[in-house]
Structures are given as structure tokens and as C-alpha cells.
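As a plain string of letters, each chain reads:
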Amino acid sequence: MNGSVKANTLMPLVFVAAAAVPFVTQSYGLAFSISLLSAFILAQSWDWLDGKAGYTNLGHFAFFGVGAYAFAILSSKGVAIYWGIAAGALAAMITALVLSFPLFRLRGNYFAFATLALLPLFEILAFNLTDITKGADGIPLSLPRQINLLYGLLLGGALAAVAVSFWLDRSRFGFALKAIRNDEQVAETSGIRIFPMKCAVFMLGSAFAGFAGAIQAWYLGYIDPPTVFGLDVALIPIAMALFGGSGLIWGPLVGVLILGTVHDLLLTHLPVLQTTAYGLLVLLIGRFLPGGLLRTKLLKKVPFLASLAQEHHDFAPSFSGDLGATPLFSPNARTEDASLVLDVQGVVMRFGGNAAVNDVSLQIKPGEVIGLVGPNGSGKTTLFNCISKVYEPTSGSIVLSGQSLASKRRDEVAHLGIGRTYQNPRPFGDLTVIENIAIALMFRGRDPLHHKQALVEAGRFAEFAGIGDKLSVRADTLSLQDKKVLEFARALASAPKLLLVDEVASGLTPTEVHRFIALLRAARDQYGVTIIWVEHIFWALAEIVDRIVVLESGTKLMEGSIEEAVNNQRVQEAYFGSKGEAA
Amino acid sequence: MKLSRVALLGMAAAAIAGISAGLASSASAAPRTDKCAGPITFGTTISATGRNSTLADRWVKMTEVFETEFNKDGGIFIKECNKSLPIKIISYDDQSTPATAVTLYERLATGDNVDFFLGPDWSAVSFAVSQVVERHKIPTVMSNASAANIWTRGLKYIFGVQSTAEGWSNNYFEMLKGLSPGPKTIFFVAQDNLLTKDVVAHFSKKAEAQGIKVIGSEVFSPELKDFTALALKLRSAKPDLIYIASYDAPALPLIQQMRQMKVKANGVHEIMTTGKLIRTLGKDAEGLSGELSWLPGTKGDYSELIERVLKGSDVDVMDYLWTINRLNAYLVMMQAVERAGTLDRDKVRDVLDKGTFKSPVGPITFHEGGISDVPAFTTQVQDGKAVIVAPPPVAQKPFIYPSPSWQ
Amino acid sequence: MDITIYLQLMIGGILLGGIYALVAFGLSLIYGVVRILNFSHGTLVAIGGILASLAYTDLGLPPYVSGIALVLAFGLFGRLFFQFLLEPLSARTPKEAEIGVVLVTVGALLMMSDIAAFLAGPTPKNIPVRFDPIELGDLILSSTQVYALAGIILLTVALHFFLRYSWFGRAIRAVSQDAFGATISAIPGKTLHGNTFAFGCGLVAIAGVLYATMFPVDPYMGFSLTVKAFTIIILGGIGNLTGSLLAGILLGVVESLAAFLIGSEWAPGISIMLLLIILVVRPQGIFGGKPA
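Residue numbers (numbering that gives the first Met the number 0), protein chains in the order written: chain A, 0 to 582; chain B, 0 to 406; chain C, 0 to 291.
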């Protein structure tokens with residue numbers, strides 16, 4: 000961990016050097032530094048949405064243009080410069096807010112392309128809304144050109160951007176983004192309300208882009224649509240961030256410093272084909288170092304440079320092994336009356352013409368462990384998805400401890416007390432074990448913890464589940480069993496009333512299965528967690544379940560004890576086919 | 000190898016300082032110490048790549064040839080030094096981007112330490128660069144920067160040679176006055192661009208003042224490829240004259256589709272009828288009238304030098320319509336320095352402010368704010384070739400109206 | 000406003016839209032199979048057009064000759080480009096692979112347009128073949144465009160049969176619909192990807208040649224063409240060629256009508272607004288099956 004300390008102490012020296020520029024260099028150095036700072040603010044603010052949340056916004060530059068225009072329009076009407084700059088940032092933020100609603104319905108490549116289309120769209124709007132933007136004429140500004148002041152503002156903006164990056168790495172908000180980056184659905188079922196989070200980071204990045212745009216308008220003294228919305232310049236800051244290394248705190252800075260300098264050197268030393276050389280560099284990085292320059296193996300051999308490339312992971316002091324006397328969370332109350340923890344009535348889930356779940360009803364009392372069985376395709380996981388609101392049931396009702404889940408979002412349902420694991424484990428892959436669990440602790444409905452405390456507490460959950468020795472291991476490098484254990488620990492950390500466990504035993508050795516059963520038993524006995532367990536392995540179920548529910552082709556075949564189920568002829572037919580000839 | 004933290008810090012700081020210093024002064028010339036030594040340096044940027052490169056890419060070579068030819072002719076005589084000094088023009092590619100141009104002019108000012116500036120071109124770039132020019136108090140003669148508000152800010156060190164909207168089609172409209180029967184109606188079509196819309200605004204008024212009724216005015220985006228809608232509007236309006244204010248490339252599909260849609264008129268005018276446009280249109284170009292800043296073969300001051308330069312760099316002014324403005328900017332600056340007799344920037348500036356300078360198109364004087372105007376000749380495509388039809392002193396052939404090709 | 004005007008606008012739009020669709024075909028196939036968003040797609044079209052134009056004016060080659068040569072050249076180029084620059088990225092983590100593709104294709108875009116401008120000059124060029132317009136009463140059709148549209152429809156039909164009945168075509172469709180299942184069925188993934196990319200680039204060559212016969216091409220127009228192509232494949236459904244043709248025509252008609260009714264300056268904005276709306280309201284497109 001010393002490495003990152005080194006990097007984080009030395010890299011700010013770049014900004015110290017930057018602060019000295021107006022006093023040390025000629026105005027050329029100043030002009031060059033201004034272009035670097037502007038690019039840096041764009042690149043760094045872009046990476047919040049991309050590196051942290053996993054959304055590639057190719058139209059980031061559009062907000063730069065919005066800020067530039069807002070500033071220019073107001074300044075040309077006599078508004079003071081500071082208000083103009085603030086207005087630029089604000090206008091960009093509001094634009095981002097409005098665009099969030101349509102844009103975040105998209106993911107991946109579609110999101111990238113929709114955002115890319117923003118640039119020509121804004122350019123056309125700027126060309127044609129001539130009453131406001133003066134169209135192709137552009138807006139000339141007669142402002143005092145106080146270069147040093149302008150530079151200082153840009154530097155301030157750059158430092159603020161760095162501060163935000165640091166904050167994101169160490170804050171609850173940042174954790175939400177990292178969870179979203181890995182797996183949005185799981186983030187939701189862990190209690191994170193994802194849309195406002197995405198919207199917020201989008202607005203944050205746009206505000207900085209708008210700020211940089213406003214300053215650019217001031218600097219140039221003139222803007223017109225191609226200058227601020229042109230496709231030819233729009234991808235450059237993004238290429239710079241990717242070049243250095245997206246997701247790393249110093250990635251964009253390295254990218255800006257190197258590519259910005261290369262660009263300038265090419266322009267002044269190469270008589271022709273400068274863009275070709277530039278494009279070649281970008282292409283080679285894409286081909287050979289797509290993780291960015293900072294992530295190359297060669298770089299990692301040099302201690303200082305390796306420290307630049309360290310992904311930020313929060314850690315907790317290694318666990319001493321003593322679980323401590325306090326329980327992990329206050330056990331679910333055992334109610335005196337026989338009120339149900341889960342009441343499923345006539346749930347139907349249709350996909351097109353196919354009813355995956357067809358009129359299933361189920362009543363579960365607190366503290367019960369129910370086994371849910373049935374052949375493949377019988378609707379078990381779909382039922383889980385209905386209960387946790389991954390799907391909205393076509394009809395029927397689901398009530399959790401008296402609360403109807405009818406119009407609830409996934410994160411609301413998680414807050415009400417439903418936790419789940421998945422058939423194929425879905426941990427937050429690029430985060431460590433401790434971060435995975437801590438996220439559940441931070442965002443749960445019942446008594447959510449402050450993130451620093453969450454990191455400490457997470458260790459206890461890990462220890463409880465048996466992976467206390469792997470706290471700093473990246474989740475996607477764990478073995479299958481450990482991933483399943485981690486999922487369990489993460490689900491338990493939500494302090495659920497009801498835990499949905501989906502085929503956790505498949506792929507495990509009998510010893511590992513026993514270990515799991517012990518965990519489930521502890522969850523029920525010590526913490527009053529009600530469990531529904533989907534499983535094929537009957538002997539495992541037999542050790543713990545109170546009852547079995549059998550599904551087949553979406554309908555409930557029977558409900559009763561394991562012995563009854565196993566001996567039921569219809570169940571046998573469902574599993575083995577009619578005539579029951581297979582043993 | 001374990002380095003102490005202090006050592007690491009020191010190394011890092013040194014590295015950063017070194018890079019900044021290096022950048023600030025890389026390949027720079029030292030500031031001029033001896034007023035009479037070495038070549039007189041002029042710094043400029045040219046849009047060799049990017050959006051405007053279609054208008055200017057050949058000018059890089061042209062500038063080099065200008066430097067060679069001008070030096071062959073003897074350079075500039077500096078009275079203060081009592082000798083002639085050669086010139087050297089340092090040029091960079093601004094990629095048609097204002098922000099890049101600003102950084103490059105800063106570099107020319109304090110990195111390359113040039114004596115004077117030339118250019119740049121185009122309103123957006125010039126607007127941004129004008130502030131750099133003014134801050135460093137280095138006079139420049141810009142070219143092709145026609146936006147009026149560049150010149151109304153009271154800047155002292157910028158001067159410009161361009162074809163402004165006001166002067167553009169003056170000769171054409173004058174010529175129209177002499178036609179009998181004259182045109183009664185006119186339809187304006189403008190590309191969505193500052194200059195072209197300015198031209199239309201100005202000449203709409205002039206048309207009305209001459210008694211030609213404006214029956215339509217449309218604007219189109221330069222990206223537009225399908226002009227069916229526009230052609231239909233033109234066809235149904237049936238104007239006497241169709242006046243198109245557009246750069247040549249966007250006008251190409253427009254005129255082609257006007258022909259296909261059988262749009263008819265007595266005369267069709269395109270303000271930038273370049274050689275490229277005429278060649279690509281082929282038969283469709285017949286009868287098209289337009290404007291040209293200068294034609295080789297026209298006699299005037301320095302015309303021989305200019306023809307040598309154009310030939311040596313293979314620049315056809317019929318294709319690169321804005322060339323003469325840039326070359327005139329060079330000529331004016333050279334004359335100003337010689338007239339001042341010194342390399343003192345303020346003295347040169349004063350000379351630019353008050354003087355009249357020679358050029359192949361006639362005398363150039365800078366009006367209020369530093370702007371000057373270059374009148375354009377009116378041309379018409381007759382039998383596949385562009386000929387000058389106005390003003391009368393230089394006309395090669397008479398103007399054909401109504402144009403049979405367009406009826 | 001009489002009906003002939005609207006008819007004329009519609010016809011103009013259809014003819015224009017056919018060309019748009021052709022530009023989109025290659026992208027549709029490539030994206031459908033290889034799931035690569037090639038930012039330099041439009042630039043390739045532009046370069047195809049520039050080369051064909053130069054072949055016509057300087058060498059006197061008629062478009063169909065240069066077209067064939069370009070199809071082969073571009074196909075080869077595409078294959079090599081994929082083999083050496085894109086395919087190796089699939090071995091990396093998904094995130095890095097995505098970034099790598101963006102950087103490689105953007106870098107390629109910058110390089111190609113700059114080199115083209117350097118070698119051939121930045122001025123727009125076209126192939127000035129001209130046939131006499133066809134007149135039906137008051138309606139006038141540009142015969143060049145009619146021939147082009149006929150060519151495009153023929154091409155669509157040919158491609159349709161090819162995709163349905165040839166081994167290669169069926170393999171492409173299989174992979175488009177279910178990549179995993181295709182692997183299990185022993186369709187060699189990597190080779191197929193490479194060949195599809197090459198095939199797509201070949202289509203691009205045809206698009207470039209046809210485009211240049213109707214409109215001017217220059218090295219810098221590629222990017223906005225890519226945006227338009229993407230709009231069309233989204234509207235038409237990924238991998239659905241007939242859908243792309245219809246979507247392209249729809250787009251052309253909408254632009255044409257908008258230019259007349261609202262104003263020519265808004266016409267380019269229409270396609271983008273349409274893209275954004277469709278992406279949000281119906282990501283599988285108007286005619287498409289499943290979204291990407």
C-alpha cells in the first residue's frame with residue numbers, strides 16, 4: 000500500500016509545477032499549459048462515468064460546448080464573468096439531468112453511440128436556434144483577457160477534479176458506482192437505487208465539462224458551433240483518458256500530459272501528416288495497451304510507476320480471528336403470532352405466450368427453511384426473480400411481512416429485507432472480498448453503516464462465512480466455492496428477513512456442501528433468517544429444510560416433507576419421465 | 000534500489016521543471032538582439048488540415064515559394080541598417096481549429112520570437128488569434144477574416160485584407176443595371192455560414208434598391224446532399240435571377256439537382272464559382288456567373304511576382320479563390336516594413352495604419368478598425384470557360400443575359 | 000401544395016435513403032456478428048468513393064470496374080485489419096477489449112482521413128457520370144439515382160438469398176442470433192468473424208462507389224456518415240438487411256419532407272433525433288428482432 004502513497008504524494012507535484020508556470024515560462028508555455036489543463040479537466044471528469052460507473056459517454060464534449068455557449072450568451076449580454084462561468088457549469092448540469100432520463104435506459108455500446116450522436120445534434124441546434132446562439136455567426140466576446148486569472152481558475156478546476164476523484168474512491172457514492180460498474184442488477188438487489196446514482200455522476204462530470212467550456216470561450220473570445228461541438232476535437236480528451244488508463248486516478252493526467260505534448264510536438268516539428276502520427280499512436284495503444292499506458296507490464300516493474308497504476312481498493316486491518324461477542328446484526332424478531340414472512344398468492348409470470356410461473360402460491364412463516372425443487376425449466380429461478388422484483392409478475396400478489404411488493408423497485412424490496420444469492424455467483428468482480436461485503440452493509444435497509452465502519456464490519460461477516468483470510472483478494476479471482484461463500488456473506492450482510500438461496504451446492508464437494516448447510520443453519524438459528532433454498536441435491540436439503548415445494552412447468556406440484564416429495568409419483572414423473580422406469 | 004524520499008522528490012521536481020522549460024523554449028530562436036542581423040522573420044499559421052483545408056492546403060507550398068521568390072527579388076530594404084535583409088516565413092498548421100492557432104501564435108511570439116505576424120485566415124480563427132496579437136503588440140496583416148465584429152473592437156495591431164460581404168457582388172449588380180430588359184425578380188439561396196449569409200443580407204438590400212424584387216430567400220446546411228425540396232421551391236417561384244451564396248463544394252449538388260429538376264431562370268449566379276466547380280459540373284455550369292478576386296494575366300503592381308509564385312507552387316486561383324487575399328497580406332506587410340525603414344513593431348504598425356499599399360488588384364488602404372476591401376471581378380461560364388464580364392475596364396467578353404442554357 | 004411536390008419529395012427521399020441503407024449494410028453485418036462498433040466505417044466509405052472518383056477522372060475506369068477492384072481490395076484490407084488489430088483484443092478482458100476497439104477504430108479514422116487528404120487532397124470529389132433525367136409528367140427522377148436504387152435493391156435481394164442459403168450466410172445468421180450456440184455447433188468463430196468483417200468492408204466499397212456517383216465525397220465526411228449508418232441499423236434492427244433498407248428509405252423520406260416543411264438547415268438533425276428517440280423507445284428498432 001505504500002506504493003499508492005508514493006504516487007499520491009508525488010503526482011500533485013505536477014500541479015505545483017503547473018502553478019508555477021505563469022511565473023516561470025513565456026506566454027507560449029502558458030498557452031500550452033492552458034490547453035493541457037482544459038483537456039485534463041475534460042478527461043478526468045469523463046472518467047468518473049466511465050472508469051467508476053462503467054458507462055462510456057462519447058458525447059462528453061457536448062457539455063463542454065453547452066458550457067461555452069451559456070457563458071458566451073450571458074457574457075455578451077453583460078453578465079459578469081464569474082456568474083457566466085457558474086452558469087456554464089450549471090447549464091451543462093441541467094442538460095445532463097434532462098438527458099439522463101432517456102439515455103440511462105441504454106447500456107454498453109448503445110449508450111456509447113447515443114451519447115456520440117449528441118455532438119452533431121447539439122451542433123445543429125447551435126446552428127439553427129439562431130435567436131439564442133446566433134447560429135453560424137458565432138458569438139464574439141469583448142472581455143478583458145486576464146490570462147493569469149483564467150489560468151488560475153483552470154488550475155483550481157483541475158485540482159477540484161482530482162479531489163473529486165479521490166473522494167469517489169473513498170466514499171459511499173463511489174462504492175455505489177463501482178457496484179453499478181460490475182453488475183447493475185446485483186447492485187440493485189443489494190439495496191442501491193441505481194438511477195439517481197448514475198444521474199448524479201453524469202451531472203457531476205458534465206458540470207466540470209461545462210466549466211472547462213466556459214473558460215475556453217473566455218480564452219478564445221469567440222465561439223461558433225464547429226469550434227465547440229466539432230467531432231474532430233470531441234474524441235481527443237476521451238482518447239487521452241483511455242491512453243493513460245481509465246479507472247486509475249492518475250490515468251487521465253498521464254494521458255493528457257503525454258498526448259498533449261505529443262500533439263504539440265507533432266504540430267511544430269512535423270511538416271505534414273501530424274494527425275496520422277497522432278492517430279497511429281492512439282491505434283497502437285488500443286491494440287497493445289488497451290488498459291492504458293499505466294497498466295502495462297513493463298511499467299509495473301518500476302516501483303514508482305507501478306504505484307501510479309494501482310487500482311484503489313479500500314482495505315481494513317487484517318482480521319484478528321476473533322468474531323467478537325456482538326452479533327453480526329440484531330436477529331430478526333420472532334413474532335408471537337403466526338404472521339407470515341412471505342405470502343405469495345397466485346403469481347403468474349408470462350414471457351410472450353409462455354407462462355414460466357403459472358399460478359403459484361406459497362406461505363412461509365418466520366424462521367422456516369423451505370426447499371424449492373423441480374426439474375430444469377420449472378420456474379424456480381423465475382419465481383425468485385419475481386420475489387426479488389428482478390421481474391415484475393404478470394399477475395398475482397407477493398407480500399413480505401405484511402408489505403405488498405406490488406409496485407416496489409428492486410432496491411426497495413432489498414431494503415424491506417430480501418437478500419439473495421445467484422445460481423452462477425455474481426460478485427462484484429473487480430472489487431475485493433471486503434469491498435463486496437461492505438457495499439451490502441452500506442446500502443442495506445436496516446441500519447446501514449457508514450462506509451468506513453462498513454469496511455471494518457465486513458471483516459466479521461467474512462470471518463463468519465469462512466473467508467476471513469481472503470479479505471483483499473479480488474472477487475473475480477476467487478474459486479467457485481469461495482465466490483459462493485462470498486455471495487452468501489454479502490447477502491447476509493444485508494440483514495435480511497428472507498434469504499433466497501439459488502442452487503448454491505452445485506459444483507461443490509460434499510464437504511463444501513456441509514459447510515454451506517452449517518452457514519444456513521447458523522443464519523436461521525442465530526439471526527432468525529427465513530430461507531428459501533432452490534436445490535437439486537436432495538440429501539443436502541434433507542439436512543435442514545422444514546418443507547419442500549415442488550414446481551413443474553411453472554405450477555406447484557405439491558408441498559410437504561421431503562419423504563412425501565420423494566415418494567410422490569407425480570414428482571417422480573416430473574423428474575424422470577412417465578412410467579417411472581428409471582430407478 | 001532504494002531511494003530516499005527526498006531524492007525521489009527532487010528527481011520528480013527536476014523532471015517536471017525540465018519538461019516545462021523544454022516545452023517553453025523548444026527549438027526556439029533567441030529574441031532578436033541585433034536589429035540588423037539575419038532574416039526578418041514572419042510567423043503565421045495555415046489551415047493545411049481540417050475543416051478549412053480545402054481552401055488553403057496549397058498555401059503552405061505557396062508561402063515557401065513566396066519567400067524564395069521575394070528574396071530573389073532582393074528582400075526588404077531596411078533604411079535603419081542601410082541594407083537589404085532577406086525574409087523568412089515560419090508557418091505551422093492550425094488544423095482549422097482556433098484553440099490550436101492560439102497556442103501556435105503564442106509559440107511564434109515567445110518561442111520562435113518572430114518579428115512580425117502574418118495571417119491567419121478565417122473569421123473564427125482570426126478572432127481568437129487577434130487577442131494574442133494585441134497582447135504581444137506584434138502587428139499582423141490577416142486575410143479572409145470578414146466578420147465585421149473582429150474589426151470593431153478597437154484593436155490596434157490587427158489589419159486585414161479580405162473580400163468583404165459589402166464589396167462582393169458590387170460589379171455584378173452594377174452590370175445588371177445596364178441590362179435591358181433588366182431582371183425584375185431575384186431569389187437568394189445561402190449556405191449557412193457567416194460570410195455567405197452576410198453577402199445575401201447585403202445584396203438583398205442592394206437588389207431592392209435597384210428595383211429587383213426579392214421573391215425568396217432560403218438557407219441550407221453545408222452538409223445537405225439532397226436538394227429536392229429547395230429545387231422545387233426555386234422551380235415554382237420562377238425568378239429572373241437565382242443568386243446562390245455558397246462555397247463551391249456545397250453548391251455542387253445544389254446546381255446539379257437544379258439542372259435535373261429543370262429549374263429555369265434568366266440568370267444563375269454563384270458567388271464562388273471555382274475552377275473545380277466548373278470542371279465537375281461540366282455542361283451544367285454553362286451560363287453560370289460568379290466572382291473572382293483575380294485572374295492571372297491581369298496586370299497590376301507585383302502581378303509578375305505573384306504569377307511566379309502561383310506557378311511555382313501550382314496554385315490555381317480559380318480553385319483557391321482566397322489566395323490573392325493572403326498574398327496581398329504578405330505584400331502589404333513587406334511594403335509596410337520597408338516603408339517604416341525599421342524593425343520596430345510600433346513604427347511598422349503606424350505605417351500600416353496610415354498608408355496605402357500596392358497590390359495586383361489595386362491600392363489597398365485600411366479603413367477604420369484595420370479592415371480593407373478587395374473588389375471582385377464578375378465572371379461567367381461561356382462555352383465551358385470562365386471569362387471576366389465586369390467591370391468594363393477588364394471585361395473580356397460581354398455578359399450573356401438571359402442565359403440560353405438556363406431557359 | 001399539390002400532390003406532385005410531395006411525390007417528388009418522397010421519390011427524392013427514397014432514392015437518397017437507398018444510398019444511406021447501402022452505407023449501413025456493411026455496418027449491420029459486422030456489428031451483428033462481431034459486435035464491433037467500427038468508428039472508421041464512414042471514413043472507409045468516403046475513401047472508397049475518393050478512390051473510385053480518382054480512378055474515373057485520372058484513369059478513365061468506369062465505376063463498375065473500379066467497384067470490383069475496390070471490393071476485393073477493401074475485403075482484403077478488412078480481413079487483415081481484423082486479423083492483426085482487432086482479433087487479438089478478444090483475448091483481453093471485456094472492458095479492455097471494448098476500449099481497445101474504440102481506440103483502434105478511432106485511430107484508424109484519424110489516420111485514414113489524414114492520409115487521404117494528404118494524398119488526394121481535401122477537396123470533395125465525385126464520379127460525374129450522368130444520364131438524362133427521367134420525366135413522368137411533372138415528376139423528374141434523376142436516372143443516376145434510379146439506377147443506383149435498382150442496384151441497391153438487387154444487392155439486397157442477392158444478399159438476402161446469400162445469407163439464407165449459403166453456408167457462410169447461414170453461419171453469419173447463426174452467430175448473430177446466438178453466439179454461444181453457434182460455437183457449440185462448430186462454427187469456427189474467429190475465422191467467421193474475420194471473414195464477416197472482410198465481407199462488410201467489401202460492401203462498404205460498393206457503397207462508396209455508388210455514393211460518389213451521386214454526391215461529393217471528401218476525407219472528413221466519414222464520421223457523420225457513420226452516425227447515420229448507425230441510426231439506420233438501430234432503426235432497422237441489427238443484422239436485418241431488409242430492415243436496414245427500409246429504415247434507410249424511411250430516413251431519406253423523413254429528411255426530404257423535413258427539409259421542405261421545416262427548412263433545409265434542420266434536415267441533418269432529423270436523423271439524430273430519430274436515433275435518440277428510437278434508442279429509448281424501441282431499442283430493437285422498427286423492424287428488428289432482439290436488441291443488441
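Bear in mind the hints are in silico, worked out from the structure with no lab data behind them.
Among the hints, erroneous ones may be present.
Stated by the list, open to error - Which residues of chain C face chain A? A few of them, derived with a C-beta cut under 7 angstroms, are:
id : residue
1  : D1
2  : V70
3  : L71
4  : P93
5  : G99
6  : F222
Glycine is no exception: its CB is placed at the ideal position from the N, C-alpha and C atoms.
Quick rundown of the hints versus the structure:
{"no.": "1", "hint": "D1", "verdict": "violated, 28 angstroms"}
{"no.": "2", "hint": "V70", "verdict": "violated, 24 angstroms"}
{"no.": "3", "hint": "L71", "verdict": "violated, 24 angstroms"}
{"no.": "4", "hint": "P93", "verdict": "violated, 10 angstroms"}
{"no.": "5", "hint": "G99", "verdict": "holds, 3 angstroms"}
{"no.": "6", "hint": "F222", "verdict": "holds, 5 angstroms"}
Hint compliance for this structure: hints 1, 2, 3 and 4 are not met, and every other hint is.
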